[in-house]
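Trainee: Residues per chain, in single letters:
Number of protein chains: 2
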Amino acid sequence: MEKFRDEKLTAQERAEDLVDRLTTEEQAAQLIYDAPAVERLGIPAYNWWNEGLHGAARAGVATMFPQAIAMAAMFDQNAVKRAGEIVSTEQRAKHNEFAKHGDRDIYKGLSIWSPNINIFRDPRWGRGQETYGEDPFLTSELGKAFVNGLQGDDKEHLRTSACAKHFAVHSGPEAVRHSFDAKANAHDMEDTYLPAFRALVQDAKVESVMGAYNRVNGEGACASSVLQEKLKEWGFDGHFVSDFGALEDFHTNHGLTASAEETAASAIKSGCDLNAGRVYDKLIDALNARLISKEDIRKACVNVMRTRIRLGMLDQHTKYDDLPYSIVACREHKDLALEYARKSMVLLKNNGILPLDASKYQTIGVIGPNANSRAALEGNYCGTADRYITFLEGIQDAFDGRVLCAEGCHLYKDRVSNLARANDRLAEAETVAEQSDLVILCLGLDPYIEGEEGDAGNEFASGDKIDLRLPESQRLLVSKVMEKGKPVIIVAAVGSAINVEADCDAVIHAWYPGQSGGKALADILFGQVSPSGKLPVTFYEDADRLPAFEDYSMAGRTYRYTRDNILYPFGYGLTYSKTACSDLEVSGRKVTVKITNTGKTDTDDVVQFYLKDDSACAAPYPSLCGFVRVHLAAGETKTAETEIPEIAFTSVDENGVRAVRGKNYTLYAGTCQPDPLSEQLTGTACLSKTITL
Amino acid sequence: MEKFRDEKLTAQERAEDLVDRLTTEEQAAQLIYDAPAVERLGIPAYNWWNEGLHGAARAGVATMFPQAIAMAAMFDQNAVKRAGEIVSTEQRAKHNEFAKHGDRDIYKGLSIWSPNINIFRDPRWGRGQETYGEDPFLTSELGKAFVNGLQGDDKEHLRTSACAKHFAVHSGPEAVRHSFDAKANAHDMEDTYLPAFRALVQDAKVESVMGAYNRVNGEGACASSVLQEKLKEWGFDGHFVSDFGALEDFHTNHGLTASAEETAASAIKSGCDLNAGRVYDKLIDALNARLISKEDIRKACVNVMRTRIRLGMLDQHTKYDDLPYSIVACREHKDLALEYARKSMVLLKNNGILPLDASKYQTIGVIGPNANSRAALEGNYCGTADRYITFLEGIQDAFDGRVLCAEGCHLYKDRVSNLARANDRLAEAETVAEQSDLVILCLGLDPYIEGEEGDAGNEFASGDKIDLRLPESQRLLVSKVMEKGKPVIIVAAVGSAINVEADCDAVIHAWYPGQSGGKALADILFGQVSPSGKLPVTFYEDADRLPAFEDYSMAGRTYRYTRDNILYPFGYGLTYSKTACSDLEVSGRKVTVKITNTGKTDTDDVVQFYLKDDSACAAPYPSLCGFVRVHLAAGETKTAETEIPEIAFTSVDENGVRAVRGKNYTLYAGTCQPDPLSEQLTGTACLSKTITL
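Protein sequence lines, in the order shown, are assigned to chains A and B. Each residue of the first sequence is one higher than the last, beginning at 43 in our numbering. Each residue of the second sequence is one higher than the last, beginning at 43 in our numbering.
Hints in this document: simulated from the structure, not taken from any laboratory. One should not assume that every hint holds.
No copy labels: a pair is met if it fits in one copy or bridges any two.
[Stated by the list, open to error] Mimicking DSS-like on lysine-lysine, the simulated pairs with C-alpha atoms at most 25 Å apart in a straight line are:
1. 142 <-> 522
2. 526 <-> 142
3. 680 <-> 123
4. 336 <-> 274
5. 528 <-> 142
6. 620 <-> 642
7. 620 <-> 680
8. 123 <-> 632
9. 123 <-> 225
10. 526 <-> 620
11. 361 <-> 391
12. 705 <-> 336
13. 620 <-> 391
For reference, chain A alone in the conformation it holds in the complex (with noise of 0.2 Å):
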């Protein structure tokens, strides 16, 4: 038996004894994302892509979980782990599948380029939809727990890798993410661009890095000494993957090198072992050239094939292969994603009418683009539903009286029908609203304008938005649904913070909620479950506020350094019940807070704690530092708890050097912030202690 098929050796060993078999060209060959197979040492071809941020993705059925940015906002660990133990469940038993039937293409493997870890640092970014929020500890804490769903616990296997992704600066512009240079300042670097990233590295165990297109403070991400250091420091032990095309930016878009083999070069040479490109196809030219050693690809090539060894792909057998195809959208787990919508929808004004009591209405108008829009449910990185529940499907099946509904408008364009004139649908709107005891408006974006550069949205703003208001043509079908003087709840199915700018009776952020969205919605409105997801990201009245979206200074951005221009805060959501904190207690690092719910309905809250450092180098509001989600039956009362992690009592000078430096700390407990817009909006009071260090 070859050593690199001996399972009792480690990975390492087996992979530096399978890389000497192979020469400097086949090795070079296994650094480009669809490796070759290698025939001779019954090695098979491996395509690295495949993506599975809220489902597996791209390659049919797969469970579909409400987008990243929602799963935040269940600040939840454990429901996220549970979504990424799903997801590379799916994933695995589909790839038993497609391997057997010889289909070794991209998003058919095992490593999924999820979670996307990036701070979202302004809400007109179009791919913030993917991420946890603008929270450096929400944001390495539900990574983490994707992590290690996505993983597994398994001893002698990954489930499937995980990739910490773009490392580590990288949030826009999407039109000019590919010749872009991110200046981030070193206190911010340390403060809030690099905490989750570590975290996923040091505690996670992440399997790959994935670097940025954009520069960060001049270099190339992919192949950044600095932000190589920073994996050296923190031991990671993966491999490093750029993102797709990104070292082809080098020369062609950065002015960082002059060529492929140049760019080839230094991106080897610093540490990004594989190539989602094609620039690795120029390594043996740029080896010719005595640009790099034959050392440089055989370290690369150990790192890519170590992963490979540790996905069980040249073992006799793993346990995950014996993962039959029928878990793919199961019962099981699509129940999961209902109950992940309802966690994660939130409810951010309710005058009272919600939920609503059916009984009063006999017509029910559902209006608007995103009503019966199976995109609006989606979020990008997305895979197939095998059944789609949109927001009026679900309105319908909930409610017995009469339902109409009506398009409105375009999501965007200003009509529907190319022959027609401007605002072709709305006086089908206007009678809908003049005919119903009620209207539900269904807006927002979808995947298709809100995302990705070359994806999403190129006409709209290259998949961002460019400010914080519904498109026009939605902004004018609200006006004039209001003026019929109906109750109107809206319902935003965005992938970000937005501004609805309406008078309306309720407002509920729905996100991108995944396949049962419908469902979800319809369980919330007419009152079968609380509301009880809470905003992973501050939403801001107005972009024109905003420091400009090219500008990455963390100054006068997020709930931690901003208190202006706030429409609703970080952490912020309403139930239909009310909750009550009390006796706030705590033990070194250890925290318990008890919660009662004071009100007539069950419902879901979420606890959350907050930090706040008498250091000048602190953030100058107080920090998450902990959050328990609990359910609580009417009445109910229940002890939350959390342990305050070490970073929390640390602070980043500007020459971003990290420490201890507070005396004194006050610890908030309660389930929002503690602020007085917070508290305002939310009618609950955060408990505060004082702690000395």
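We have chain A; now place chain B onto it with these hints.
Mentor: For chain B alone, coordinates are given in the frame of chain A:
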């Protein structure tokens, strides 16, 4: 009161009065499809372009019936008439509201440019789906029924105006329609192309006739002296409208005229009253150039204004003004959309597997690009349903066991994901087939590739089909699934004949079955209802053995002229029961026959009457002369009665002269055509009787 507002006068008198109050310039402006308001007379703007082929179209929500070709497959005048009633009733109700809200734009008016009564001469034609098939008699009967439904039976007002299109010879190819000369010989003109138009004008009093894009025997179809002469001969009393942009083709593509002025002059002088397009903007120039007279303009304007008056647009009130919006897509209408979908699907093949015994199957695999496609329900010229039930959804709702599903392939491209290799969804489909006890393959086309030049399928074949096969991607899918050896049922959503070329257990031709198509399919699959649709077109084996697509001779085309190359004959369709006809009786033109359900399943069936004339001029094979849809409980006997129309006893000579020439006629009655293949496939024989005039 102005005379034109005097409701006691005739429409002609009122129209003349109105037109004589307009300047010639104002009259000319009314002859463009988007006619401006005449403020001083209180005449609102009016856009003539509206559609309603199988539901109020292109202006939001409406009940969506099966596509026209599917409704033809019902062989049921009453159902087609009822569909027309519902289309026009919903259009009226929508129009009432649109007008109230000041929206008088395209698709909002009362002039519906349906039905399409062109003969579906060649199965490759993408717009054949809009027609009632290949038979002049069936087309006439269903066309009249639909017009009667659209126009209503009110003595005072038309509910909506219908439009017989595209006068008179028009059936592809779509790619060359703007420059093509359709050459129809005198026999075929009278025998095949004209009868339905004559029937709609003379018998159904259709209010408008639309010309075709192409030339007909050298003349532009919208300004053809030959064709206009026919309308005069038939006593046409409505207005004539050009197809959209058809007049532009005269000088830009057909080379019939040298300029827009000349086209305008030629068209209006020939009898084209209304211009869908912008050529009539040049009418005043043509007048100034003395190409036309003021009277030419006046006459056309009277014709179009007469229609508006008949629609009640200048009246104080019509009974249709009170039609409430609540009837749009109401339960009753949607129930009929479901019923018609059930009646229109054609069971082409069944080895006994259908209806399914659900208890025999634990897992059903639903595979194919049309499995979960809303587009495959729609057909072209459609509105928006307020609820779609796809084939997959229908099966999921009906079957309690596990339903696995897979897209299998792109509808016609070789891959679903651009970044993947070819056949990227095949492994999933194979897996689903392997893991299922039964496979339902949902295949076919959709209106994005089968349809109209400009609307559909330009990258495929400008909306036409290139042959009668499934797209290559689907053929591969079929062969791979068949290899698994599981029971396979093929469901084909196609608007025309197709040869699925698979030795499967059953084939259901579903057409584009409208909003509830998936429910209808499931009802048929699981035996809630027996299928009963019959083919309104011949299904050929092979396109290579057809006459050239551009050849408008009927020789070798349709069941009346060929017995060669037949896969499934015109009139064919299986049920879940057995029926037998007996006691054929003829008395003058009145015919009766008994039909008995000799099986154990309640079912609809269609008694078909065919006549063969012994004269040399007659079509070589018996022609349909009557049809009666009956519902029969198991064991039940009913008498079907029809009256053979006089035209059935005529034949057409090579000079196009229609006359009674036969001495002996053979009348056939049965649930299929009187031909050996039909009788073999259905297992029933036709009765026959000789009639001597």
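Trainee: Run every hint past the structure and note whether it holds.
Mentor: The hints, checked one at a time:
Taking the closest pair of Cα atoms, residue 142 and residue 522 come within 25 Å of each other only across two copies (15 Å); inside a single copy the shortest separation is 56 Å, beyond that limit. Only between protomers do residue 526 and residue 142 lie at most 25 Å apart by alpha-carbon distance; the minimum there is 14 Å, versus 60 Å within a single protomer. When the C-alpha separation of residue 680 and residue 123 is checked against a cutoff of 25 Å, the pair qualifies only within one copy, where the shortest distance is 23 Å, while the shortest distance between copies is 66 Å. For the homomeric pair residue 336 and residue 274, the shortest alpha-carbon distance inside one copy (21 Å) is at most 25 Å, but the shortest distance between copies (90 Å) is not.
In this assembly of identical chains, the alpha carbons of residue 528 and residue 142 lie at most 25 Å apart only when taken from different copies (19 Å versus 58 Å within one copy). Taking CA atoms no more than 25 Å apart as the test, residue 620 paired with residue 642 passes inside one copy only; the shortest distance there is 8 Å, against 62 Å between copies. Proximity of residue 620 and residue 680 under a CA criterion of 25 Å is satisfied intra-copy only: 14 Å inside one chain copy versus 68 Å between copies. In this assembly of identical chains, the alpha carbons of residue 123 and residue 632 lie at most 25 Å apart only when taken from the same copy (23 Å versus 76 Å across copies).
In this homomeric assembly, residue 123 and residue 225 never come within 25 Å of each other (Cα to Cα): the closest approach is 33 Å inside a single copy and 70 Å across copies. Taking the shortest alpha-carbon separations for residue 526 and residue 620, neither the intra-copy value of 32 Å nor the inter-copy value of 58 Å comes in at or below 25 Å. In this homomeric assembly, residue 361 and residue 391 never come within 25 Å of each other (Cα to Cα): the closest approach is 48 Å inside a single copy and 45 Å across copies. For the identical chains of this complex, residue 705 and residue 336 are neighbours neither inside a copy (53 Å) nor across copies (97 Å), given an alpha-carbon limit of 25 Å.
Taking the shortest alpha-carbon separations for residue 620 and residue 391, only the intra-copy value of 14 Å comes in at or below 25 Å, while the best inter-copy value is 62 Å.
Consistency with the previously given hints fails for numbers 9, 10, 11 and 12, ordered from lowest to highest.
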